[in-house]
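Start from the sequences and build out the full structure, keeping to the hints where you can.
There are 2 protein chains.
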Amino acid sequence: MQLTMTKRLFVALVCLLGFSTCIKRAQAQLDGASALDPIVALGSWNDCATKRSLIAYVQRVCDPKSSDFVPPAERIAVFDNDGTLWPENPVPFQLAYAFDVVEKKAAKDSQFAEHPMVQAVLSRDIPTLLAGERHEGLLQVVAMTHAGMSVEEFNKSVSEWISSAVHPKFSKRYDELTYQPMQEVLAFLRSHGFKNYIVSGGGADFMRVWSERVYGIPPEQVVGSSARTKLELRDGVPTLIKTLDQIFIDDKAGKPVGIHQSIGRRPIVCFGNSDGDLAMLQYTTIGNPRLSFGAIVHHTDQAREYAYDSAPKSSGKLIDALAEAPKRGWHVIDMKEDWSKVFAE
Amino acid sequence: MQLTMTKRLFVALVCLLGFSTCIKRAQAQLDGASALDPIVALGSWNDCATKRSLIAYVQRVCDPKSSDFVPPAERIAVFDNDGTLWPENPVPFQLAYAFDVVEKKAAKDSQFAEHPMVQAVLSRDIPTLLAGERHEGLLQVVAMTHAGMSVEEFNKSVSEWISSAVHPKFSKRYDELTYQPMQEVLAFLRSHGFKNYIVSGGGADFMRVWSERVYGIPPEQVVGSSARTKLELRDGVPTLIKTLDQIFIDDKAGKPVGIHQSIGRRPIVCFGNSDGDLAMLQYTTIGNPRLSFGAIVHHTDQAREYAYDSAPKSSGKLIDALAEAPKRGWHVIDMKEDWSKVFAE
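Chains as they are written, first to last, in the working numbering: chain W, 1 to 345; chain R, 1001 to 1345.
Keep in mind that the hints are not guaranteed to be accurate.
As the list claims (entries may be wrong) - Ranges of calculated distance between the beta carbons of each label pair, as one might list FRET restraints:
1. R:Asp-1245 / W:Lys-230: 44 to 50 Å
2. W:Glu-136 / R:Lys-1104: 47 to 53 Å
3. R:Asp-1320 / W:Leu-291: 49 to 55 Å
4. R:Gln-1140 / W:Ala-147: 32 to 38 Å
5. R:Leu-1291 / W:Lys-172: 36 to 42 Å
6. R:Glu-1114 / W:Pro-64: 50 to 56 Å
To be verified - One side only, chain R facing chain W, incomplete, derived with CB under 10 Å:
7. Ala-1073
8. Gln-1119
9. Pro-1219
10. Lys-1252
Since the hints were made in silico from the structure, they are not lab data.
Here a beta-carbon is modelled for each residue, glycine too, at the ideal position from N, C-alpha and C.
Shown next as structure tokens:
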């Protein structure tokens, strides 16, 4: 119960929200290396079926002499973010951000702190926040903290948070916790003419602040949950203000909808890690006239990261997609066995 | 009255809707040429202030030694479509498509033809179609013709139409009527690392069918009006169905909203032709930390195309943006004087 509610809390929150290092240099090196030797390019992967299949797949669709050749313009790869490119424990990182924002504001503003829903955040009283069909309590908190904020103000807030907040288990900045083997997949695909997209239940505005720096994925290749912005003149400058209008949750069946909305064509490669990615995996691989590739990151490594599937501590429940994987030919990545390294040094 | 209603009819229609030749080869040639000599690349432009300013602007933002240098990732250019990249007379081309679909269906289906709103389309009875606050009559027609259609079915319908329908004045296929000077601008910018986006009041799904072939602009770089799709299983295949949910009109103040939604950063170059592009021109050029460039295509050529601004025959009213242009430094393109050629041969 608590677990499901935490997930619902996250999903409800993200639609209002929109993460530093020398990663770019590392990415450029990876890009160069991967064009030369896939084994080197995917260096943090042990020799395993998924690695061999991915290399064979990419070589096939990039070979102009192959009947499975895919023109570069159609090489679209989609990646879930939380649990696929970086962890989603103990709570999805964007939820950690939202709680921090509320706590900071409550410390400065006693009237804000007295609000029953702020009290609920401070005491992590999830049931109170989620009471009611539309989670009115949570929406109140979101409205109090983000709606009315300009896109620039929100970007600044996220940027400051990610450059200072530290993960409770790994004692590192959140943006230093991306999975090195997945960074290598991104670079490997990019070096073969693929356009990588993040397609996440997280807020588009939240991810766009750091996606280019952290993953080499520019803002325009980030698909996420969102609400419409509203154009206002502030000091004579056209400014976009965050609202609660036309909320779109880019999760489950929403992922193919978000992909169509933003990309306008069917991807050929899809990586996910939970049942929230099932519809996107199906959309990528079932009835696709192009040869496609689907894969699931299975969290099996309690020592180096986390181990969960049917009973996750927060989000990331993986039951249906795991059961369907053999039938669909989706590759299941055993994090403990397949990855020689989890995080970048 | 009639004029305004036709425009409203168009705007109301497009949200449910989503253009051949050797243009790609020509584009590749243009791309190569433009990197060599901007004067050659913009060969259909007479020597004029806008042409000189555009060349100087592009050289400045692409020069790493210039204080106005813009990294390639931030070189985003946005273009309105109807009236900016191709004509919007006698009616916007997508409206011609919608009317043709209704007429074709009515010829085959006598029950459909008897519907009062279909009769209104057949007799071009615009006031009846637009009666009511939400234009219920028009929405009924749209629902009867497009809602419930899969994205693939819609794409096929648009594709068949554009490969056969002929423009009443020019007696050419609609997709053979793009403005050659604007095709040259697209190629010139692309050869200098710009990513070109269409940002149009037209339907995203309608434009994506032909934008890559006609403009070299891939589906993921098309921002337009839309409604949410809905994921359904059809014969076991995940299929996206067009609906009337969460309608978004990508016009006027909606254009910066659409840009933020799909691109996530502020453009530095903007071309439009009407007051529907005013907000997008302002958003691109006012308060932008980067050096920006705004331009307006002014339809002044009744002999070769059309001449209109304050009293257009259908859409494309240009009053406020034209008045604001000198104050903002936006370049006004005099189609008759500045273009040596209007359409590609």
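Of the hints given before, which are not true for this structure?
1 and 8
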